[in-house]
Amino acid sequence: MRFQDAAPDARAVVYAGIQADPSIARIAGLLADANASQLLLARAILNGESSDPATWRAMVPTCFPDERSEAILAASLEIAAHADQARNQYRGAIVESVTETLLVRRITARGGPRTAIRRERRILFDGVRAEIHPYDVTVELPAAGEAYDCKWSARGIDGDVLHQLDDARAHAAAEDERLRVALVVFDTRIACGVRLARRTEPYAGTGLVTIEGFARLGGART
Amino acid sequence: MSEAIEPVVGRAVDAVGVLETLGEEVADEWTYVTDLARVQRRRLAEIADRRGGTSLASDRVSAIDLAIAEVGRIVDPHRAIDWLSTFPDLVALALDEPLGGA
Numbered sequence: 001m002r003f004q005d006a007a008p009d010a011r012a013v014v015y016a017g018i019q020a021d022p023s024i025a026r027i028a029g030l031l032a033d034a035n036a037s038q039l040l041l042a043r044a045i046l047n048g049e050s051s052d053p054a055t056w057r058a059m060v061p062t063c064f065p066d067e068r069s070e071a072i073l074a075a076s077l078e079i080a081a082h083a084d085q086a087r088n089q090y091r092g093a094i095v096e097s098v099t100e101t102l103l104v105r106r107i108t109a110r111g112g113p114r115t116a117i118r119r120e121r122r123i124l125f126d127g128v129r130a131e132i133h134p135y136d137v138t139v140e141l142p143a144a145g146e147a148y149d150c151k152w153s154a155r156g157i158d159g160d161v162l163h164q165l166d167d168a169r170a171h172a173a174a175e176d177e178r179l180r181v182a183l184v185v186f187d188t189r190i191a192c193g194v195r196l197a198r199r200t201e202p203y204a205g206t207g208l209v210t211i212e213g214f215a216r217l218g219g220a221r222t
Numbered sequence: 001m002s003e004a005i006e007p008v009v010g011r012a013v014d015a016v017g018v019l020e021t022l023g024e025e026v027a028d029e030w031t032y033v034t035d036l037a038r039v040q041r042r043r044l045a046e047i048a049d050r051r052g053g054t055s056l057a058s059d060r061v062s063a064i065d066l067a068i069a070e071v072g073r074i075v076d077p078h079r080a081i082d083w084l085s086t087f088p089d090l091v092a093l094a095l096d097e098p099l100g101g102a
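Chains as they are written, first to last, in the numbering used here: chain A, 1 to 222; chain B, 1 to 102.
If you are wondering where the hints come from, they were derived from the structure by calculation, not from laboratory data. Each hint should be verified, as a subset may be incorrect.
Computed spacing ranges between beta-carbons, pair by pair [said to hold, decoys possible]: (1) B:6 - A:220: 24 to 30 Å; (2) B:58 - A:141: 51 to 57 Å; (3) B:46 - A:133: 36 to 42 Å; (4) B:1 - A:84: 35 to 41 Å.
Glycine included, every Cβ here is placed at the ideal spot set by N, Cα and C.
Please work from the sequences and hints to get the whole structure.
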């Protein structure tokens, strides 16, 4: 098993510009330390229509007054102001960036190198054709690899991603390698449960992280 | 003003129906939308049943009505599907219920 950079296509080049937007790193840093209610606040704003901060404060009163909630509110409204297509790309980039931030936190806290966490990587196995889509975030440590696919919503869970993650896990096992695979979904556990309930693809060996348990990615025991 | 929990949650259940109807316009997601709407309606109804006879503080009634008003602003069916998972948890938060129905 080995990791490799994905060759950037035209979409990836455009998307890289969004990933590098400072607003993404800013909100990811805020969300990495957010509780589940604050993550829901961000999800609601980034899915919503209202641009008045007072409306959101009153709609989610359990999050206010609070300094982090205010910062999340402002950062979310800034991104929600983008037109629909860009907003969708920003939302995807946010999930990836939060995931990366939390994984860096967990790995470095245990003495691992920051460079072990990578973005947009393929995983290659002997005699197996490479997957078309790279993994959003990977942890590349000897004998402890991890691969994450990040989704803004449960709707993003489809047969292709479930097969890709399970195939990677199985191929790694066939090479006596350990590869942890998981979906990180910036959506609720209920929505993901409903989405998965009708899927026929294998996913028993695939982890699922939803907004109720994001902190676990960073090593928290929630 | 404070208000009994049943009519407030009843309005939220109606709003789930609005999102469901809009989300069903995405034909490929019809099954997911109807499944999710059914689960969310049942979840909210269970809360109302369990806490029946209690009243909600005015700020919590306002919070839920603002979330319902936000539902009314949504015209894009894809965004309606996103809100079908988000809206009931906003209601749950306002009711001091755990996220995700846990």
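Going through the hints against the structure:
| no. | hint | in the structure |
| --- | --- | --- |
| 1 | B:6 - A:220: 24 to 30 Å | 37 Å, violated |
| 2 | B:58 - A:141: 51 to 57 Å | 53 Å, holds |
| 3 | B:46 - A:133: 36 to 42 Å | 39 Å, holds |
| 4 | B:1 - A:84: 35 to 41 Å | 37 Å, holds |
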